[in-house]
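*Asks:* Sequence:
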Amino acid sequence: AYTFSILIHSLGRARKLSAAKALFEKVRDKRGMADVVTYTAIITAFSKAGHTRAAVKFFKEMKARGHLPNVVTYSALIHGLSKAGNVNKGLELFEQMEADGCAPNVMTYSSLVHALAKAGMSEDAFKLCEEMEARGCLPDAFTYCSLIDGLGKSGLTEQACEVFEKLKKSPEKHLLNVVVCNSILGTLVKAGRVNDAYSLYNEMDQYGCYPDIGTCKIMHAALRQTGQLEDADKIFQKLQNLISSLS
RNA sequence: AGAAGAUU
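First residue of the first sequence: -10, per my numbering; consecutive thereafter.
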């Protein structure tokens, strides 16, 4: 079953959904070898492709057949539902998961924070972060990134900055990475605070974060828009260097 | 030994 899970996972990643499904059904029916991980792999494949009703069908099926979903299964499906814009179903599933005695972990919370943020419910995302901390599950870089990005996109720039500043000073500051920096840079730029963004860009290295392609794209577009063309050019050069160092 | 989450 290990091998089949890997295969189903790979087919899913390659967007070969019908092949993944065919293999899954074969494993399930002919060999009776479908387990929680196999089910989770097929649910993930359909979830990521946005086919949530198929994912939910497999989810119901696994339960009906006595395979208890675990935290990975729930997280994958919550992510899929939220990605399809069905945050409420995601929240419902989150409650169901708790009712089933399955403890959420940082990835489950982060998926929900991301979903709430994307749905413009950043206040709820913020509350969820507080809740997870209160329950002894520390937010990680993914959680902070989703939260900051969501607050920024809801126009709550100040709150986003507060979260970032608080993280910078907290014992968890090692969580600061380039993607978290990019999320606050994007937030500042969106709020028209290009100079604040540029200052932050210039001090990122003090936090052990080094600009990546995403950083340069954000800053280049921002500086070009405000007519700071020389600085934009410098960043464009850096962007080219980063891209060419990829291969 | 296999499965889940972030910025542009």
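Worth flagging that the hints you see were computed from the coordinates, not collected in a lab.
Glycine is no exception: its CB is placed at the ideal position from the N, C-alpha and C atoms.
Treat the hints with care, since some could be wrong.
Distance ranges between label pairs, derived from CB positions [as the list claims (entries may be wrong)]:
hint : residue 1 : residue 2 : range
1    : D24       : Q214      : 48 to 58 angstroms
2    : R4        : K155      : 18 to 28 angstroms
3    : Y(-9)     : A92       : 16 to 26 angstroms
4    : E50       : A92       : 31 to 41 angstroms
5    : R4        : Y199      : 27 to 37 angstroms
6    : L218      : K155      : 33 to 43 angstroms
7    : Q214      : E50       : 48 to 58 angstroms
*Asks:* Run through the hints listed earlier and report the numbers of any the structure violates, in increasing order.
*Replies:* Hint check: 2, 4 fail, others pass.
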